[in-house]
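Residue numbers (my numbering), protein chains in the order written: chain L, 150 to 525; chain R, 11 to 420.
No lab work stands behind these hints: they were computed from the structure.
Fair warning: this is a prediction, and the values are worked out from it, not measured in the lab.
We put the CB at the ideal spot given by N, CA and C, even for glycine.
Do not take every clue at face value.
[What the hints assert, rightly or not] The following label-pair restraints were derived from C-beta to C-beta distances:
hint	chain 1	residue 1	chain 2	residue 2	range
1	R	237	L	250	18 to 28 Å
2	R	216	L	267	43 to 53 Å
3	R	33	L	426	49 to 59 Å
4	L	240	R	225	56 to 66 Å
5	R	245	L	246	47 to 57 Å
6	R	197	L	161	55 to 65 Å
7	R	341	L	252	22 to 32 Å
8	L	228	R	227	18 to 28 Å
9	L	503	R	225	17 to 27 Å
[Unchecked claim] Here are the computed lysine-lysine pairs in the BS3-like style, where the Cα-Cα straight-line distance is at most 30 Å:
hint	chain 1	residue 1	chain 2	residue 2
10	L	156	R	242
11	R	189	R	264
12	R	264	L	156
13	L	485	L	212
14	L	243	R	391
15	R	391	L	291
16	L	332	L	485
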Amino acid sequence: VNFQKEKLTTFISSLLLVIVIAFAIIHHSSNDVAERFINSNTNDEVGNTDFSQHKQQVEIWRKKLGIDLPIFYFSVESLAEKNEFNPSDAIDLKYWIPVIRFHTDNQFHRWLFGDDVFSRGLVRGDFGSSYVTRQPVTELIKGRIGWSIGLTLLAILLSFIISIPLSFRAALNSGSRFDQLLKSSSLLLISLPVFWLGLLLLLLFANPDCLNWLPASGVAPISESYSGFLENIISTIPYLILPTLCYMVSTMSFLLISIRDSAFEELQTDYVRTALAKGQKESTVLYTHVFRNLLPTLLTFFSYAFPAAISGSVLIESIFGIPGMGLTIEQAVYGKDYPVLSAVFLISSLITLLGFLITDLIIARLDPRTTVKISA
Amino acid sequence: MQSTINSRLTAFLRNQKSKRILWCYIIAGIFAPFIAGNKPLLFINKGGIHFPAFSSSAYVELQPEEKPVLANSVDWRSMNATLCILPPVCYSPNELDPHNANFASPFGTQWQQLTNGEMAPLTWRHRHWLGTTRTGQDVLSILIHGCRTSLLIGFGAVGLAALIALLFGLFAGYYGNEKLHYRRTNLLLGIIIFTLSIFYSIQLSNAFQLSSTSQWLLFAFIISFLMLLARKMLSIFSRSSTSKVKLAAFPADKLLTAITAGFISLPRLLILLSLAALWETSITGLLLIIGLTSWAEAARVIRTEMLRMRSLPFMQHAQQSGASDIKIILHHALPNLSATIRVLFLTGIATAILSEAGLTFLGIGLPFDTPSWGALLFEAKRNLQAWWLVLFPGLVIFTLTRVLFTLSKK
Numbered sequence: 150v151n152f153q154k155e156k157l158t159t160f161i162s163s164l165l166l167v168i169v170i171a172f173a174i175i176h177h178s179s180n181d182v183a184e185r186f187i188n189s190n191t192n193d194e195v196g197n198t199d200f201s202q203h204k205q206q207v208e209i210w211r212k213k214l215g216i217d218l219p220i221f222y223f224s225v226e227s228l229a230e231k232n233e234f235n236p237s238d239a240i241d242l243k244y245w246i247p248v249i250r251f252h253t254d255n256q257f258h259r260w261l262f263g264d265d266v267f268s269r270g271l272v273r274g275d276f277g278s279s280y281v282t283r284q285p286v287t288e289l290i291k292g293r294i295g296w297s298i299g300l301t302l303l304a305i306l307l308s309f310i311i312s313i314p315l316s317f318r319a320a321l322n323s324g325s326r327f328d329q330l331l332k333s334s335s336l337l338l339i340s341l342p343v344f345w346l347g348l349l350l351l352l353l354f355a356n357p358d359c360l361n362w363l364p365a366s367g368v369a370p371i372s373e374s375y376s377g378f379l380e381n382i383i384s385t386i387p388y389l390i391l392p393t394l395c396y397m398v399s400t401m402s403f404l405l406i407s408i409r410d411s412a413f414e415e416l417q418t419d420y421v422r423t424a425l426a427k428g429q430k431e432s433t434v435l436y437t438h439v440f441r442n443l444l445p446t447l448l449t450f451f452s453y454a455f456p457a458a459i460s461g462s463v464l465i466e467s468i469f470g471i472p473g474m475g476l477t478i479e480q481a482v483y484g485k486d487y488p489v490l491s492a493v494f495l496i497s498s499l500i501t502l503l504g505f506l507i508t509d510l511i512i513a514r515l516d517p518r519t520t521v522k523i524s525a
Numbered sequence: 011m012q013s014t015i016n017s018r019l020t021a022f023l024r025n026q027k028s029k030r031i032l033w034c035y036i037i038a039g040i041f042a043p044f045i046a047g048n049k050p051l052l053f054i055n056k057g058g059i060h061f062p063a064f065s066s067s068a069y070v071e072l073q074p075e076e077k078p079v080l081a082n083s084v085d086w087r088s089m090n091a092t093l094c095i096l097p098p099v100c101y102s103p104n105e106l107d108p109h110n111a112n113f114a115s116p117f118g119t120q121w122q123q124l125t126n127g128e129m130a131p132l133t134w135r136h137r138h139w140l141g142t143t144r145t146g147q148d149v150l151s152i153l154i155h156g157c158r159t160s161l162l163i164g165f166g167a168v169g170l171a172a173l174i175a176l177l178f179g180l181f182a183g184y185y186g187n188e189k190l191h192y193r194r195t196n197l198l199l200g201i202i203i204f205t206l207s208i209f210y211s212i213q214l215s216n217a218f219q220l221s222s223t224s225q226w227l228l229f230a231f232i233i234s235f236l237m238l239l240a241r242k243m244l245s246i247f248s249r250s251s252t253s254k255v256k257l258a259a260f261p262a263d264k265l266l267t268a269i270t271a272g273f274i275s276l277p278r279l280l281i282l283l284s285l286a287a288l289w290e291t292s293i294t295g296l297l298l299i300i301g302l303t304s305w306a307e308a309a310r311v312i313r314t315e316m317l318r319m320r321s322l323p324f325m326q327h328a329q330q331s332g333a334s335d336i337k338i339i340l341h342h343a344l345p346n347l348s349a350t351i352r353v354l355f356l357t358g359i360a361t362a363i364l365s366e367a368g369l370t371f372l373g374i375g376l377p378f379d380t381p382s383w384g385a386l387l388f389e390a391k392r393n394l395q396a397w398w399l400v401l402f403p404g405l406v407i408f409t410l411t412r413v414l415f416t417l418s419k420k
């Protein structure tokens, strides 16, 4: 219970930190936001907006977006309450006295809980609306999160399935030529930039001048007709081969060598020697005894592979044009679309934090010794 | 026995090769303007001997009685000279070659305009050996100048990260959770002093309309002044009540573990992207961003090493013989950490270079007038028919990271 409590507190504190960072992102440039809203709203009637109307609109938008409110629950200000600074104020003694002011209605509160008029708040799943497309961010992300998570999970699982037997074999015959090959290839993979590999794959396999085997970008053929669930999946598979390969390289570079090392350590233990001496088959020893004992370690690797894969997804989705979160964040950065940026940051951080929490809890169930080790 | 000697020998030779390649990169980075540039290294004409590539001014005085000319706009190749030695690669990275624009292939014919207006194939001396970009920039020249950018960011960011990691890791590892004590009142006082100095530095700089740098200076001045004042006051105050000072253990180790866990669990590229979107990115900006986000893992490793070392006899002996904490950390612990630090440094440089190239590849990192490898790959993403834009920059990045990782493996 103590272990679970500790893990939960770290989860919650990290989550709070992430929320604060996301808020800092969204409110980084809140001054020109009102201007941006007006500029794009009056795009069709450029020229006949006079200045007074412009100023009025800025006021309206500032009010609507809540920019005129204080930022946080409390602030340190001078006793003299002035928005615009005059040099003559500095003579006033009040100007030099700091006071703490508390605000019940502030921007952070509105962002979190909504103001019941314009937004419903973060806790009810409202991330605000995009500065560029005016669409609610939630809708924008809803259609895209599936691709990212699906591809990432698929690639991680596939790389586990491939690298476990390979590294087990290398650990069993440590020092052999196969082991050397595995070590050097993992070194090769770790120094291979993912974006370069993606471009090379495109150049080789999706190039009309070279091998035109696979489609270059997108996730589905452009066709109007809906032709059944299974056929849709089959038609998507060629689009996913290259991206999955790219993902797998970035995760396998680290998996191969780590699994090999931990399996090698496990193979030195007494129970393995006994089992082998009794005449058990090597594969039985590896896949029933060693694998079970390595499960917690493998789960830790899984939780570490996840943030790395999400980082890689930005690059890979940009290369292959997969409509996922990575592509969304890239476009958001280009368009200075801070609500989308902060929402994607928040969601992917939440996913990785949840992944860490869940793997920790599962490990605690699988191997209760870890809980004791932590609390001692 | 024979086999171990053999393997050690091969490892040593491989290391030598890697070191040599790394030095090649460093030399290319340092001497980039003299290896690739459009200004001649040596230029002799009737006006005398000139070294345009080595002079820092933009103008060159070729004839004593004529006006000085702008070094970048002169076509040095068609100049009248007794001797003109151009750098090995005779294009600067931002020089546009209009006759070979729109992706001149490294193997195809490349063109030049003769003085009489005719077009002729480029001679081998002036060829674009690795092709050109859409605007006619020389790829090889960009690669050589990109060395400088990448190594600057790599070494700078890792230097910054190593400083932070060493500071936090050594501190947390040495003091642990119980060893360091502090007064609760001091903590409270510290918070008050911090907010007060922020407040007064802002108010003062508003009143006197100061710039942001002087605002920071003012902040540093006020905070140090207030801290000295508080210390003096406390020493006077505590003289009367030394007996009832309440001390609490400072959980340095727990604090560091929590912070680094937070850093490691967040996807790094996303943090980098968000920061790059918020800040103006230049070489220094990117260096700061990468450096400030990549220290966590190194700090964790250093902390673990320090924790292990703390219980070793030589450390305990040093403590018992009355050496100060700072002396123990710097003089006894740090030299023993050098192998670990070397590994962290090398892998750190490799990952920093990879993240810089990745960010620039997305079009978010460096501005496009800065020559960098990632920018070439960014251009290649839209124009895949120009295979030389994909192959060579990627190969350069791959070789460098590979060498760094090999060296870190020993």
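Here is what the structure says about each hint:
{"no.": "1", "hint": "237/R with 250/L: 18 to 28 Å", "in the structure": "holds, 26 Å"}
{"no.": "2", "hint": "216/R with 267/L: 43 to 53 Å", "in the structure": "violated, 32 Å"}
{"no.": "3", "hint": "33/R with 426/L: 49 to 59 Å", "in the structure": "holds, 52 Å"}
{"no.": "4", "hint": "240/L with 225/R: 56 to 66 Å", "in the structure": "violated, 21 Å"}
{"no.": "5", "hint": "245/R with 246/L: 47 to 57 Å", "in the structure": "violated, 27 Å"}
{"no.": "6", "hint": "197/R with 161/L: 55 to 65 Å", "in the structure": "violated, 23 Å"}
{"no.": "7", "hint": "341/R with 252/L: 22 to 32 Å", "in the structure": "violated, 52 Å"}
{"no.": "8", "hint": "228/L with 227/R: 18 to 28 Å", "in the structure": "holds, 26 Å"}
{"no.": "9", "hint": "503/L with 225/R: 17 to 27 Å", "in the structure": "violated, 41 Å"}
{"no.": "10", "hint": "156/L with 242/R", "in the structure": "violated, 42 Å"}
{"no.": "11", "hint": "189/R with 264/R", "in the structure": "holds, 13 Å"}
{"no.": "12", "hint": "264/R with 156/L", "in the structure": "holds, 13 Å"}
{"no.": "13", "hint": "485/L with 212/L", "in the structure": "holds, 22 Å"}
{"no.": "14", "hint": "243/L with 391/R", "in the structure": "violated, 60 Å"}
{"no.": "15", "hint": "391/R with 291/L", "in the structure": "holds, 27 Å"}
{"no.": "16", "hint": "332/L with 485/L", "in the structure": "violated, 43 Å"}
Comparing the model with each earlier hint shows violations of hints 2, 4, 5, 6, 7, 9, 10, 14 and 16; every other hint is respected.
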